[in-house]
Amino acid sequence: MTELSREISEVWSRLFDHRPFLNGEIKFMLKEFEEKRGDREVENLFAILENLTDIKDTQVEKITKSSVAVFPVLLEKLDQAVKLSEEVEKDYLELQKINQKKKAVNFEKRQKEWSQFIDDMNFKCQRIDNTFEEKEEELRDLYADLNHKLNITNNN
Numbered sequence: 003m004t005e006l007s008r009e010i011s012e013v014w015s016r017l018f019d020h021r022p023f024l025n026g027e028i029k030f031m032l033k034e035f036e037e038k039r040g041d042r043e044v045e046n047l048f049a050i051l052e053n054l055t056d057i058k059d060t061q062v063e064k065i066t067k068s069s070v071a072v073f074p075v076l077l078e079k080l081d082q083a084v085k086l087s088e089e090v091e092k093d094y095l096e097l098q099k100i101n102q103k104k105k106a107v108n109f110e111k112r113q114k115e116w117s118q119f120i121d122d123m124n125f126k127c128q129r130i131d132n133t134f135e136e137k138e139e140e141l142r143d144l145y146a147d148l149n150h151k152l153n154i155t156n157n158n
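Going by our numbering, the sequence shown opens with residue 3, and the numbers climb by one from there.
Calculated directly from the structure, the hints in this document are not laboratory data. Some hints here could point you the wrong way.
As the list claims (entries may be wrong) - Calculated cross-link-like contacts (lysine-lysine; reagent style DSS-like; alpha-carbon spacing at most 30 Å):
#1 Lys114 - Lys137
#2 Lys111 - Lys92
#3 Lys92 - Lys114
#4 Lys104 - Lys114
#5 Lys137 - Lys126
#6 Lys85 - Lys104
Said to hold, decoys possible - Have a look at the derived ranges for each label pair, beta carbon to beta carbon:
#7 Lys29 - Thr66: 46 to 56 Å
#8 Phe35 - Val13: 43 to 53 Å
#9 Glu91 - Asp122: 41 to 51 Å
Idealized CB from N, CA, C, for every residue including glycine.
Just need the whole structure built from these sequences, with the hints factored in.
Following this line, the structure appears as structure tokens:
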């Protein structure tokens, strides 16, 4: 039983206990980083610093000189772009106002058409009701007349 539990423990540690593997990987990584790279990273940082100071000393003056010539042209082009965008915005707003007016006119037109339609329908319904009442009255008169005639013939 003890041997079985030891074997189970060994299988479990192989499958689920990754600490020895991770410790080995960490040690290998540290060794790789410290030994093989050495001072390469520090040397790279110093080289970058040298390049930056060189650029600062030589290129800044060159950039300022070229910017003096380029910035007025750039400013002019930006002003033109702003003017064009303002014109486009103005045109857009005008079109939007025109469309709103057209929508309002069309809405009023549809409202008038709708009210005319409703009035026509009410008129036609009223005509139908009147015709129905007239026919109803005619039928009442007819049946009253027939009833009266039947009563006269029955009495004789």
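Give me the numbers of the hints this structure contradicts, sorted from smallest to largest.
-> 1, 3 and 8
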